[in-house]
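Add chain B to chain A, keeping to what the hints say.
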Amino acid sequence: MTIAAPRHVELDYTGSERLTMNMGPQHPSAHGVFRAILQLEGETVVGVDAVIGYLHRCHEKLAETLTYAQYPSIASKTDYVAAMTSEFAYVRAAEMIGKIEVPKRAQYLRVIAAELQRVASHLLWLGTWCLDMGGALGGGATIFLYCIREREMILDLFESLVGARLLYGFYQVGGVRYDLPAGWVDTCRQTVDVIDTRIDEYQRMLEDNPFFQVRTQGVGVISRELAQEVGIAGPLLRGSGVAFDIRRGEPYSSYEDFEFRVPVETSGDCFGRYKVRMAEFRESLTIVRQALDRLPDGPISSRPGLKSVAQTRIPKGEAYARVEGARGEVGCYLIADGSAKPYRMKWRGASFSNLAILPHIIPGHKVADVVAIMGSVDPVFGEVDR
Amino acid sequence: MTAWLLPFLVPFIVMNAILGIVTYVTLLERKFAARMQSRIGPYRVGPHGLLQPIADAIKLMMKEDVVPTAADRPIYNLAPIVFVLPCMFIFATIPFAPGLGVADLNIGILFFLAVSAMEIVGLFMAGWGSNNKYAMLSAMRAVNQVISYDLPFIFSALTPVLLAGSLKLSDIAAAQAGLWFIFYPVIGQLAFIAFIVSTVASENRAPFDILEAESELVAGFRVEYSGMKFALIQLGEYAHVIGASFLGALLFLGAWAGPGPEWLGPVWFLITAMLIFLLVTWVRWSFVRIRVDQILALSWKALLPSTLLLLIATAIVVVWRGVPGV
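Sequences listed follow chains A and B, in order.
Per my numbering, the very first residue in the first sequence carries number 1; after that it's consecutive.
Per my numbering, the very first residue in the second sequence carries number 1001; after that it's consecutive.
Chain A on its own, in the form it takes in the complex (with noise of 0.2 Å):
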């Protein structure tokens, strides 16, 4: 299949020059340290290019340096928005090379700690959005002060479960280190209530708001052959009209015994990819309350507790595993060779997949536009960069 050539358009335009305009690394709305070299006439962007790589921290070198029990840690800092997910990864590749077997309580832990930094991540996304659209001083503020209060919710359960709040290290192979502590189901039922009714909150004061509607509807459309064609994931894609979620397609970590549905919207425009995010705060929120529902009690790791970092061996063999993500498809490429350390790794980051989309869908649009695509696609440069 040939991808498709970004798209370069041309207006009839008889002006001396094109206006060459940085956006970033520095930028308000940058979501992080990316650049996009924007041409411009006028108002309008007819070109742009993406320069990433300003947040590259070495992470796959770094992880042949640590042991299976250090990584995790570390790991959660590629996407330092939805930590629990790329922790995720990197133990399910190495659970199987291993083929090691997971304890039912801790497969549930997993899924209610994966499915609130959903929420979490969401939440961000959410507020940031709009605070590219309605500026810093203006409506969007008011939303991100909003998310943020309800995504402190959040990371105060993190907090009394992990001891962090930001960078967890809360997956390791075989199961999950830190059992539930005493009260934390029934503060997590009701922290979820109340997200479920802010939420409405949130629909009401955008959807029904026309200036949101104008600056999102028919912008930044992604027909459902491109979105395939670019590879992107998660809510891109949803939002483009294809209905594929790992959770879905290829369960795991007990996925297959929670009900919920995975919206899809067709229209791919800015204003599809919000709502398909919309919809899994409820699904997510829906899964959470079932996995507190069937929480079944048992150990959780099958694994001894751990007495030495380099206590974790893999056999040799190598294995992509892949979680969805809040972003789409987080994916980890690991080759063990017997020791305590991975031979090599490998990530598959959403958002740099998801990236490149940008150059096949900016050009057309006006540079306020710019911001708001950029901030549908979602972007976190950790996880871009790596």
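To be clear, the hints were calculated from the coordinates, so they are not data collected in a lab.
Accuracy of the hints is not assured; some may be wrong.
To be verified - Calculated lysine-lysine pairs in the DSBU-like style (CA-CA distance at most 30 Å, straight line):
#, chain 1, residue 1, chain 2, residue 2
1, A, Lys366, B, Lys1301
2, A, Lys307, A, Lys61
3, A, Lys366, B, Lys1133
Claimed, not checked - To list a few chain B residues with every Cβ distance to chain A over 12 Å, as calculated:
#, residue
4, Leu1009
5, Met1015
6, Gly1046
7, Ala1092
8, Leu1151
9, Leu1190
10, Ile1196
11, Pro1261
12, Leu1270
13, Val1283
14, Trp1285
15, Ile1295
16, Ser1306
17, Leu1311
Please read all numbers here as calculations on a predicted model, not as lab measurements.
All C-beta atoms, glycine included, are put in the ideal place defined by N, C-alpha and C.
Below, chain B alone, put in the same frame as chain A:
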């Protein structure tokens, strides 16, 4: 013996009163926005953050004044002054109570509209002189937007003028002694809505703040300004907002009319003006920003024709029923 002093004294008092109001209106807005966002807002400097505006002013004065190497220095340095002066002049014709004002011109509202449209010169100078691509794009947007929205602004402000039958601001206020123009059936409410929308747009406040647009253009035309020059631009913007709020209160909310003795008039005027300011602030902190082409479409396709029709309808009503005010 003090007669020669008066022309200097009155503007001096009004100017300083306005500066004080403008400074504290920033605190009002910050507190109001904080409550909307379930925050507390400034709290540390003075009781309930009451000294925050003064602390801000001192901080801005002490900041280093950075001038970009490639800036067009004369234009760059002059721009904040050119911007802030019209924003101050607009208060010249506003009567704060019967007979209390700098100059109650008989073409008061014309002066107000003309002068408030002049701020665009300062905006464009700031954007051009900074020699920055963000600033220049913002300046281009500014010219587009201010020209587009001054027309509906003028037309919606002319509706009360027709109803009162006078261009003199104190006459317009006096004409509302019986019935505030916002309560004038149908016409009053429509004109008020159009006035609020076009005011927000010509003040460049969110959701129409595409000039500043910090998520796209970082800070727009003032991206290269720092210290006191930045403070002057900020002051001008807020002065313009307050001026327009006073105008709105004067045109639609009966100006100084209110219960109590007559000397309470200025207080009522201030309260109604602040109500309009809070309405504008409420809109600002709850909407996402609208795009530049959509802003222009809204003005030329919707707001301008409708305010024009409204003006004609008002003229017909006034001819049919006679001028109610005078």
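- Item | Numbers of unmet hints, in rising order | 13, 14, 15
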